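Q: My request is simple: use the sequences and hints to build the entire structure.
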Amino acid sequence: MLNIAFIAHDRKKEDIVNFVIAYEHVFKDKKLYSTGTTGARIMEATSLQIHRFLSGPLGGDQQIGALIAQNEMDLVIFLRDPLLAQPHEPDITALLRLCDVHGIPVATNMASAEILVRALDRGDFGWRELVEMNKPGLA
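In UniProt numbering, the protein residues as written are 1 to 139.
Hints are computed from structural coordinates only; laboratory data are not their basis.
Be careful, since some hints might not be right.
[As the list claims (entries may be wrong)] Below, in silico cross-link-like pairs of lysine-lysine (DSS-like), each with a Cα-Cα straight-line distance of 30 Å or less:
#	residue 1	residue 2
1	28	13
2	13	31
3	13	30
[As the list claims (entries may be wrong)] With beta-carbon atoms standing in for the labels, derived distance ranges:
#	residue 1	residue 2	range
4	121	57	27 to 33 Å
5	130	25	31 to 37 Å
6	55	121	28 to 34 Å
7	130	83	36 to 42 Å
8	87	126	17 to 23 Å
Keep in mind it's a predicted model, so treat the numbers as computed, not measured.
Yeah, the Cβ is synthetic: ideal placement off N, Cα and C, and Gly gets one too.
A: Written out as structure tokens, the structure is:
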């Protein structure tokens with residue numbers, strides 16, 4: 001089962017909710033995670049169950065980053081607000097760096113999120129399932 005994280009800055013929360021509503025059929029059989037408010041908003045608008053971490057500025061980005069570092073995250077959809085400075089920018093940078101280090105696909109805007117979710121729907125994430133099956137200690 002693939003693990004997906006949703007994160008959205010304040011001015012992008014409505015966008016991510018609408019995006020998840022549109023692709024709820026893709027996400028329904030995945031294990032979902034989110035930062036606090038984003039997850040609450042998505043669950044209010046859909047039938048999806050989401051494991052919610054703290055709000056991003058309170059450490060939620062770092063909690064998701066820990067899953068990435070442990071190779072327990074397969075996709076991150078992080079709708080960022082590029083026009084507003086974020087007080088927790090170092091946490092955001094660290095999260096994105098972890099995605100790069102561990103080869104985790106990450107979407108930071110609606111266009112890249114659309115491409116990744118359509119690929120997910122087509123089954124193009126089979127390579128992530130192979131990574132999961134071949135983790136040390138599972139053989």
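Q: Looking back at the hints listed earlier, which ones does the structure fail to meet?
A: 5, 8
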